[in-house]
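Q: Let chain S serve as the given structure and place chain W on it in line with the hints.
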Amino acid sequence: MFSKFGFLASAEAGASPVIPKPAEIAVGFIAFGILFLLIRARAVPRFEKAYKDRTEAIEGGLERAEVAQREAAEALQMYKAQLADARGEAAKLREEARAEGSVILEQMRTTAQEEATRITASARTSIEAERQVAFNSLLNEVGALATELASRIVGESLDDAARQSRVVERFLEEVEKSK
Amino acid sequence: MRGVWSQANPGFVPPSSADFDFAPIFGDSILFTKPVLLVFLSVIVAGSFFTLSARKAAIVPSKLQFAGESVYTFIRNELGRDVIGPEFMRFVPFLFSLFIFILTNNIFGIVPLLQFPTMSHIGFPIGVTIFSYVTYHYVAIKKHGFSKYVKDICFMPGIPKPVYLILTPVELLTYLVTRPLTLSMRLFANMFAGHLLLLVFTLGGEYLLTSGLIFKFLSLFSFGFAIGLSFFELGIQALQAYIFTLLTALYIAGALADEH
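One line per chain: the protein sequences are S and W, in this order.
So the number in this note's numbering is just where the residue sits in the first sequence, counting from 1, plus 1.
So the number in this note's numbering is just where the residue sits in the second sequence, counting from 1, plus 719.
Source of the hints: derived by calculation from the structure; they are not laboratory data.
Just so you know, even glycine gets a beta-carbon here, dropped at the ideal spot from N, CA and C.
Certain hints may be false.
[Stated by the list, open to error] As a list, the in silico BS3-like pairs of lysine-lysine whose alpha-carbon atoms are at most 25 Å apart:
no., chain 1, residue 1, chain 2, residue 2
1, W, 880, S, 53
2, W, 880, W, 870
3, S, 81, S, 93
4, W, 782, S, 50
5, S, 53, W, 870
6, W, 867, W, 880
7, W, 775, S, 50
[What the hints assert, rightly or not] Selected chain W positions facing chain S (in silico; Cβ < 7 Å):
no., residue
8, 733
9, 736
10, 791
11, 793
[What the hints assert, rightly or not] Where chain W lies over chain S, by a calculated footprint (3+ residues, C-beta under 8 Å):
no., stretch
12, 23-34
13, 38-45
14, 52-66
Bound conformation, chain S alone:
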């Protein structure tokens, strides 16, 4: 019994080991055939499927990443363009504001100048008028003074006629000068 499990030889058969036993050829053929059919039906297609799925998963992932990258780049480009536009716009607005400001300043300066001229003119006019008023009142006063002087002269002695006339003349000159 022990020898049947192969721990020891069974000495009965003495055939050369290179002479095949037909039954063993058949067994080898059939056993391999069974394994081949099994592997072809149940193992290889599934391994191939795993390969295919994996390849697709990897390629799909790469493709998605590429698309995402492209979109991101486009978005970045767009934002940059927008930013540049906005900057240009701002610069233009600033320029316009500056131009407008200088125009306004010029206008205000002109207005102020006109106002000043106008005020100066009106001041001059009023001064002239006041001077006229003063002159008129002075004339009146001179008349009164003259009358008074005349009465005074008349009231004094007539002997010093020459001196009197000089007084009158000087008076008149003074009046004339003051005019």
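A: For chain W alone, kept in the frame of chain S given last:
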């Protein structure tokens, strides 16, 4: 040496080819001997392992799937794609089955309790070789047509005519006899010799244990050597499975090529 041994222990019988013969485990049929049962066991082991590991076919593999897939990928790419070329996919199931069948049967040689490489019975390698033989002839005939195939073998193009006197018999012999013969013989002889070597050291060690004290000590070396050789055998077992599959792939590639 032998004289000393036979003097001291006349009972030692060195292992011989008779150690490869087994009586049926039950009944009288040759179908119930250890090697035959081991061959069927190999179909169950290899078949269930790779069927189970391929079952889920997930993108992210489990450990089992990874193990099965690694072997499959190796055969598919190294022996299928790289050797056969663009048409390789239809031969992958065959090459893969071939490799795992031979490998499993070879490894039985060092699996504890089983400890018999079934391919050391020449009948089994021949049974498998029939598949390779038929396959590469069939592929060539289907691809080139029978007459062109025979013509290509007998009269290799581009050779001076007188050379055919020698070349034609050689080529015919190669395609029809040498290739299948070497395929099965190489596998058989390697497994046979390896197993015999292990037997020498284990049986020798065992026998030394029954002898005197010094011999008992020496048996340690014998067993140690047997263990070391077992690992060496593992390498040879894998290598022989690989070579068998590689040569089959090469023959198929040759059959598919435009000129022989």
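Q: Just pull the numbers of the violated hints for me, sorted ascending.
A: Hints 1, 5, 8, 11 contradicted; others consistent.
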